[in-house]
Structure formats: C-alpha cells, structure tokens
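S.K.: Residues per chain, in single letters:
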Amino acid sequence: MAKRKVKQNQDAVLGDAILAKPDFEQALAFAESLTQTESAPWVESCMLGAAEWPVAVTQSAAALMPQDAESRKVLEARARAIAKPLSQQQHELRDQYLRFRLGAVERYGIPYAYLEELLYVGNLARVPCTPAFVSGVVNYRGELLTILDLKQFFRMPAVAMSDEARIIVVKHEGMRTGLLVDGVDGNEAYQDAEVSPPLSSEGVSNMEYVLGIHDGSVTLLNLKALLGDPALRVHR
Amino acid sequence: MERLPAREVRVGRIIGIVQVKGGVGRSTLATNLAAALARHGRTALIDADVPQGTSASWGKLREDAGRLGQLTVAGVADYRALVSKARELVAVNDFVIIDGPPRLAEVTRAIMVMSRLCLIPLGASAAEIWATADLVKTIKEASARRLDINARIVWNRFREHTRSARELGEAAEKQLGLTALHSKLGYRVAYSEALARGLSVAEWPDRHAQEEFAALVAEIKQQLGV
Ligand SMILES: Nc1ncnc2c1ncn2[C@@H]1O[C@H](COP(=O)(O)OP(=O)(O)O)[C@@H](O)[C@H]1O
Ligand SMILES: [Mg+2]
Numbered sequence: 001m002a003k004r005k006v007k008q009n010q011d012a013v014l015g016d017a018i019l020a021k022p023d024f025e026q027a028l029a030f031a032e033s034l035t036q037t038e039s040a041p042w043v044e045s046c047m048l049g050a051a052e053w054p055v056a057v058t059q060s061a062a063a064l065m066p067q068d069a070e071s072r073k074v075l076e077a078r079a080r081a082i083a084k085p086l087s088q089q090q091h092e093l094r095d096q097y098l099r100f101r102l103g104a105v106e107r108y109g110i111p112y113a114y115l116e117e118l119l120y121v122g123n124l125a126r127v128p129c130t131p132a133f134v135s136g137v138v139n140y141r142g143e144l145l146t147i148l149d150l151k152q153f154f155r156m157p158a159v160a161m162s163d164e165a166r167i168i169v170v171k172h173e174g175m176r177t178g179l180l181v182d183g184v185d186g187n188e189a190y191q192d193a194e195v196s197p198p199l200s201s202e203g204v205s206n207m208e209y210v211l212g213i214h215d216g217s218v219t220l221l222n223l224k225a226l227l228g229d230p231a232l233r234v235h236r
Numbered sequence: 001m002e003r004l005p006a007r008e009v010r011v012g013r014i015i016g017i018v019q020v021k022g023g024v025g026r027s028t029l030a031t032n033l034a035a036a037l038a039r040h041g042r043t044a045l046i047d048a049d050v051p052q053g054t055s056a057s058w059g060k061l062r063e064d065a066g067r068l069g070q071l072t073v074a075g076v077a078d079y080r081a082l083v084s085k086a087r088e089l090v091a092v093n094d095f096v097i098i099d100g101p102p103r104l105a106e107v108t109r110a111i112m113v114m115s116r117l118c119l120i121p122l123g124a125s126a127a128e129i130w131a132t133a134d135l136v137k138t139i140k141e142a143s144a145r146r147l148d149i150n151a152r153i154v155w156n157r158f159r160e161h162t163r164s165a166r167e168l169g170e171a172a173e174k175q176l177g178l179t180a181l182h183s184k185l186g187y188r189v190a191y192s193e194a195l196a197r198g199l200s201v202a203e204w205p206d207r208h209a210q211e212e213f214a215a216l217v218a219e220i221k222q223q224l225g226v
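So the protein lines, in turn, are chains V and H. Going by the numbering used here, the first sequence opens with residue 1, and the numbers climb by one from there. Going by the numbering used here, the second sequence opens with residue 1, and the numbers climb by one from there.
I should point out that these hints are in silico values taken from the structure, not numbers from a laboratory. Ideal Cβ placement from N, Cα and C applies to all residues, glycine included. Heads up, a few of these hints could be off.
Said to hold, decoys possible - A few chain H residues that face chain V, going by a derived Cβ cut-off under 7 Å, partial list only: (1) L68; (2) Y79; (3) V83; (4) K85; (5) R87; (6) E106; (7) A110; (8) V113; (9) R159; (10) Y187; (11) R188; (12) V189; (13) S192.
What the hints assert, rightly or not - Below are the SDA-like pairs computed for lysine to any residue, each with C-alpha atoms no more than 25 Å apart in a straight line: (14) H/K140 - V/A29; (15) H/K60 - V/A165; (16) H/K60 - V/Y140; (17) V/K171 - H/V189; (18) H/K137 - V/A165; (19) H/K85 - H/R152; (20) H/K174 - H/S143; (21) H/K221 - H/H40; (22) H/K221 - V/D23; (23) V/K171 - H/R163.
Excised from the complex, chain H in its bound form (with noise of 0.2 Å):
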C-alpha cells in the first residue's frame, strides 16, 4: 500500500458523485472509487443517499468482511450533516468521496459545490441526459455566483462498439457543454456482482472490468494532480 507523502496533502481532496436519475452508477462508481483510492491514502466514503444507503451497505459488508483497510464509511441524513461530515473527515483523510441522492436537492448542491472533481455519471439513455440538463443549470447558476464547478461525464454502461452509443455520447457531451472523462464503464455483470458482496471489480474476477476501472482511477488520480 503506497502512502501521499504527508505535505503534498494539506487538505484531502472531495470527490462528489451526482445525478438527478436513480440506477445510473452513482453508488457503482462511489463504492469502486474509494476501494482503489484507499490503496492510496486515507480515504472516507459518505454516503449521502439515505435511506437508500447503497454505499453505506456496501461498506458494512466490507466492514464485516474485514476489508476496510483506510477507509472509512459513513452515512448522513440532510445537507447540514454531509456538510459537517465532509468538514470533519477532509480533515484527517487523503480523500472524501460523496455519494449523491438523485434528486436536485440541497445535498446535491452541497456536493457541487464543495467537490474538488463532480463526476456524473450517465448512460446512453434519454431520460439520463435529460436529468443532466437540470444539473448543468445548477453548475451556470453556481458559476453565475462565482462558484466553480468542475463536472466530468461518467460514461457508464458504454456500448463502445455500437456506432449509435458513440454519436449519442458525442452529441450530448456537446449539448450539454461537459466534457467526459476519457475511460469508460461497460456494461459488466461484475459491477453488480461486487457491489452486492462488498467488493470492488478489482477485486472481481472479470479483467475487462478491472482495467477499465484501473484507467478511470487512473484518469481521476491525474485529474486531482495527485
């Protein structure tokens, strides 16, 4: 396990993780996230998606399975809570990751704006990109307020060798003024299969999951300059 030398991190980094639909990977992405961070520094996970509580269950089974290692869980009720948490953990961890509800509530905006990197997740599908028009009109609204947002499409569920999920990835990248990370998420059964055992896909064996994971975590590590 390699550590950050201690005076690169002053204060950890926030990592939110939002959208306004359900199912599109938000939990996926958090859960996966912090198991490969914590390979890297101190890492907390709060999970601010309650009652749902994916991620939140998620870490009890890894709690139970003695996995943890650095990380940490947590789960929070409203917006006033993720707020404090967020303070408290930032403090003493490498890494804050966030798991968003899918509503466009206060606690959505609370981890805009409180992210260093907003990833969003989204799948080729209407209904996805229409939810993300609603969240890019809060990032102009926080921007028109002087607050920097900086949101990244998530591609998840990426049907890479159909031509038409390619066009329709480019095409809403452009519509809605976001850009995208370069690595994307397949559709594997090993995303579901981890995050029901408390597991990460690294720890899955499907290597296509574990690569395409390895070079998002990658591409996020190069994104925090870290």
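Chain V on its own, in the form it takes in the complex (with noise of 0.2 Å):
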C-alpha cells in the first residue's frame, strides 16, 4: 500500500480537469458498477483481535481491512500507540481534559485521551440485580452501553436530574462504559506541572481514583484506576 501512488492534487485551487463537474450520468454508472455486495457499516469492534468480534461481523470487518501484510503491520502497530494510556505517551507537551459537574457545584475533568462522545441521556433501562453504581444501560450504536452514576461510585449525595445531565462516552482497553455526569461545562488546556496532589477532602473518597487537582478547583480523575476496579468488573 505505501508504494502505491494515489494522484496527488496538491493544487490549492481545483484544476481544470473538473470544472465540467458534475457529471451525473458519470456518476450513476459509477454508483452502478459497485460489484462486491454492500458492505456491512463498518463494524466499531474492529480493534478488538479477531477472535473477538462477533461471529456475525468477522468476516465483513476483515474484507474491510486493507489485506497486504505490511500495511496490516502498519495499521496495527498505530492501533496500539493510540491504545496507550494517556501516561504513556511520551512527549506531551499540553492535554485537554473535559471538564463536567457532579452534583450542583463539584467540578471533575476527564483527559480527552478517554472521551468517545457526549449523550443526551435518553431511555436508561434499569437492569435488576446490578450494583447501585450502575444506572442502567443504553443502545450506543447498536451496542448495549453500561452507564454508572459516578455519585453513587464516590458515595456523593443524589440530586435530581435536570436537562443538563450527560453521558460520557469513554473508552479504556477496548471496552466502552457511559458515565452519567449531571453537566457538562466545556474543555480545559493543562500540563502535568499545574495539577496538585489530592487532598484528601476533595468529595471522592477514595483517592486512587483521582490524577489530581488542576487550578485549585477541579478534580482529574484517574479512570484507568476507576475503570479497571474490580469492583466495576462485575458487569463485564
């Protein structure tokens, strides 16, 4: 794939070539001439090993990869740089976190490395016989998605939820979880040297879970700690 040379147009404006665009018969016949059966929508589970996708996927998603060994090799060896904790990528100059409330005034950040994307918290099916911490789920895109209430995880006290309440998408080792979070306040710059220990009297209780304090006022949680309890496990 990497000696394979694509056309290249570099131009800063579109050359001549297309200005009789569009050409919709072109287009048509180009539409028709699609040989293969229509792909699947691209599977989201694809960085899983194959061993672990679904049976139903595996072979779609494998006809979407590029099949030469080398560009595989490429590809793979990027999945797992991207997989990398945010504390082992090296060179980090600045970070951005998201920064979100629990309850009416606590302010908590999440490093971006994690976040997937925001929800709206739509229908969160209860699910019986699950820690008090867990919510319920959700249909993400087809997949269930497990929701905690990061409150009742801190033994922080409830308040009601008001349209401002959120869910989390974010992502650690391949697994998604939802943290329901009661708003969501915008994005934050910072570098290692701005965050302070914890103290211990920041609201969350157990202080593994936190990376640290930025600014004085909000608390970095560590959701490599927090998503990899065993007590979190559980639902798995």
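With the hints as a guide, bring both chains together as one complex.
M.R.: What follows is the structure, encoded as structure tokens:
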C-alpha cells in the first residue's frame, strides 16, 4: 500500500480538469458498477483482535481492512500507539480534559484520551441485580452501553437529574462505558506541572481514583484506575 | 449577507462528505459547512444517510427556529434519488452539500463522482484509518475510469498538543496518499451541543470552535475558487 501512488492533487485551487463537474450520468454509472455486495456498516469493534469479534460480523469487518501483511502491520502498530494510556504517551506537551459537574457545583475532569462522545440522557433501562452505581444501559450505536453513576460510586449525595445531565462515553482497553454526570462545562488545557496532588477532602472518598487537582478546583479523575476497578468488572 | 455575483456561479458546487466508518463527524462537518456557506450563497444540504438522518433532523430544528435563511435541507433514500436531487438542487443553488452514509455503497460512490470537492473526516484512530483505506481504493477505481475525485482529509477531534496525534496524522496522510486540509477540528463540546440544537458552532459560545471552523470554511472556499 505504501508503494502505490495515488494521484495527488495538491493545488490550492482545484484544476481545470474538473470544471466540467458534476456529471450525473457518470456518477450513476459509477455507483451502479459496485460489484461486491454492499459492505456492512463499519464494525466499531475492529480494534479488537479478530478472535474477539462477534461471529456474525467477522467476515465483513475483515473484508473492509487492507489485506496485505505490510499495511496490516503498520496499522496495528498505530492502533497500539493510540490505545496507550495517556500517561505512557511520550513528549506530551499540553493536553486537554473535559470538565463536568457531579452534583450542583463539584467540578471534575477526564483527559480527552478516553473520550468517545457525549450523549443526551435518553431511555436509561435499569438492569436488575446490579450494584447501585450502575444506572442502567442504553443502546449506543447498536451496542449496549453500561452507564455508571459516578455520584453513587463516590458515595456523593444524589441530586435530581436536570436536562443538563449528560452521558460521557469513555473507552478504556477496548471497552466503552458511559458516565452519568450532571452537566458538561467545556474543555480545558492543562500541563502536568499545573496538577497538584489530591487532598483527601476533595469530595471523592477514594483517592486512588484521582489524578490530581487542576487550577486548585478541578478534580481530574484517574479513569484507568476507575474503569479497572474490580468492583466495576462485575458487569463485564 | 454577501451574495456571489451571478456570473461567477454557472452551476453550483457540490461538496460531498464521505467516510466508511460511522461517528467520525460527517454530519458535524456537513451541518456546520451548510450553515456557513448559506451566509455566502444559496445552499442546499442533502442528507443521504437515512434512516440515521442527522443532517435532516438538524435542518428541521433549524427550520422550526426560523434560522434556515438561504439554506434548503432535503433527505434522499437511495443513490438514484440522490443523483436526481443533486441535479435538481445544483441548478438553483450556489453550494450543494451532501452528507453521506457510513458505508461504501452506491450512495457513497455517487457522491464521490459528483462532488467537486470530497471531504473525508478522519479521527486519529486505527479503525477510521482502516476505513479510509477503502475509500482510497474507490478513488483509484474511479481514476482508472478517468473519473477525477478530489478528496481531502479533514482531521476531526484532533488533539494538536500531542505528538502522537501529529505523527499519526502525517503517517496516515502519507500512507493513504491523501492530502489533508490544513485546518483541523478539535474535540470540543461545542460541536455536539450545536448539532443537537440545530445550530452551527458559529452560533455557539466557544471561541476556539468558532475560529477553527471559520478557518476551515475559508480554506474550503479557497479550494473551490470562490
Ligand atoms: N470535533 C468534535 N468534537 C466533539 N464532538 C464531536 C466532534 N465531531 C463530532 N462529534 C460528535 O460525535 C458524534 C458523531 O458525529 P457525527 O457528525 O454525527 O458523525 P457521523 O455523521 O460521521 O456519523 C456526534 O454526537 C457529534 O456531535
Ligand atoms: Mg451522520
């Protein structure tokens, strides 16, 4: 793949060759010349090893990937580099975290490296026989996403859910989890040097889940410790 | 609101947004671009990702709020409907933006051939880079049939402060043989908040998001020669 040269159009302004666009007949003909059966929607779990794919999608996911050994090797190396936790990535100059609220005022942060996306809180289906800190599950792009109530987990007082509540989808070691929070405030840049060690009075009862305090008031959570907690592995 | 001089726009410019993987930011790019270009000329946004319909729902919210202005939003169910809709809209608009589905299907192929500029949103994840390798194959297939596809990567959810993201970006561009636009979009709450409200980031109070998106729009306009 590295050796194949694709025509590169580097010009700042697109060349004359395409001024005749659009040609709708050609577009139709090209669309209809699709020979293989339509590919399945991209499989989200493709960062897992092939053995871990759900049986039904193994073939289509594999078919979507570059096939030659060399490009697979390159891509796998990249996948590993990206999957590395933030702390292991070298030469990190400045990073960002997402700042959110638990309860009305408490301010918390999660490094961007773990973030997938933010969801509105829709239909949260409660799951029987799960710990209180599991708020339930939601259907997330066709997969079941477990939602953790961080306030419950940290034994903070419950507050009524407002329409500012969001689910923060995070990913750690290939697994996605939703974190139920009371509001998302924005993003903030930080440097390791600006993060001070946590004080035991910071609201979160267990300090091992805290990376540190940024700017004197934002508690940066240690998602690696949090999501790796044996208590949370119950529902895997 | 500035309007383009009529003589410069004989036929509208089609900008397609394609990617094989879902959730990479096609609709984010499509809706924000539509809102921005509608400030410069008559603009149509075609949602070709139904039943997902993110762009169409965004358009409905915008319409309900009386914010459409020079923007028209349409949804199409298949590639035939798409091609005829594009043909119809390009005759009466300065810009036509097409939001594609997360599949390498007929719709995606039609978008790629029709578009004067084809934008491929990409985040720094292996899954997305894999998915893009498939688009590159389609570009080559088209090129073998003398159909030029002008594709540009748009880095989305980019973390410019990390060396790994920068290196990965450069490696991916080289490996895929695709050029990226210089402007990149960061991971910002503003994008999801604006999308869910039928707004563009230009209408959401995050200065960084506003600035980076304005830079992207300027670069796209320059690419289109407008
Ligand atoms: N740069 C970004 N920063 C934050 N959230 C983003 C960004 N780009 C996209 N998102 C969010 O990710 C989700 C998927 O994006 P979307 O544009 O709908 O993807 P697609 O159309 O490719 O499936 C949406 O919730 C969107 O708001
Ligand atoms: Mg979409």
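S.K.: All hints are to be evaluated individually against the structure, with a verdict given for each.
M.R.: Comparing the hints with the structure gives:
A hinted interface residue such as H/L68 counts as satisfied when its beta carbon comes closer than 7 Å to some beta carbon of chain V; here the least separation is about 23 Å, so the hint is violated. Taking 7 Å as the C-beta cut-off, the interface hint given for H/Y79 holds, the closest approach to chain V being about 5 Å. Interface hint status for H/V83: upheld, as the beta-carbon distance to the closest one in chain V is roughly 5 Å, under 7 Å. Restraint check, H/K85 versus chain V: the minimum CB separation of about 10 Å is more than 7 Å; hint violated.
Hint on H/R87 holds. Least Cβ distance to chain V is approximately 5 Å, under the 7 Å limit. Annotation: interface hint on H/E106 holds; nearest CB of chain V at approximately 4 Å, less than 7 Å. Because the beta carbon of H/A110 sits about 4 Å from the nearest beta carbon in chain V, less than 7 Å, this interface hint is met. For H/V113, the shortest C-beta to C-beta distance to chain V is roughly 4 Å, which falls under 7 Å, so the interface hint holds.
Hint status for H/R159 relative to chain V: holds, with the closest Cβ pair at about 6 Å, below 7 Å. The criterion of a C-beta within 7 Å of any C-beta in chain V is met by H/Y187, whose closest approach is roughly 5 Å, and the hint holds. For H/R188, the interface hint holds, the least distance from its beta-carbon to any beta-carbon of chain V being 6 Å, beneath 7 Å. Residue-level restraint check for H/V189 holds (minimum Cβ-Cβ distance to chain V is 6 Å; threshold 7 Å).
About 5 Å separates the beta-carbon of H/S192 from the nearest beta-carbon of chain V, less than 7 Å, and the hint is met. With a C-alpha separation of about 16 Å, the suggested pairing of H/K140 with V/A29 holds against the 25 Å cut-off. Pair hint H/K60 plus V/A165 holds up; C-alpha atoms about 24 Å apart against a cutoff of 25 Å. For a cut-off of 25 Å, the pair hint linking H/K60 to V/Y140 stands: about 23 Å separates their Cα positions.
Distance restraint check for V/K171 and H/V189: the Cα-Cα separation of roughly 17 Å lies within the 25 Å cut-off, and the hinted pair is therefore satisfied. Taking the CA atoms of H/K137 and V/A165, the gap is near 42 Å; set against the 25 Å cutoff, the hint is violated. At most 25 Å may separate the alpha-carbon atoms for a hinted pair to count; H/K85 and H/R152 meet this at roughly 24 Å. Of the pairs offered as hints, the one joining H/K174 and H/S143 holds, with about 19 Å between alpha carbons and a cut-off of 25 Å not exceeded.
With a C-alpha separation of about 10 Å, the suggested pair H/K221 and H/H40 falls inside the 25 Å cut-off, and the hint holds. A C-alpha spacing of about 21 Å is found between H/K221 and V/D23, which places the hinted pair at or below 25 Å, so the restraint holds. Pair hint V/K171 plus H/R163 holds up; C-alpha atoms about 20 Å apart against a cutoff of 25 Å.
Hints 1, 4 and 18 from the earlier list are contradicted by this structure; the remaining hints agree with it.
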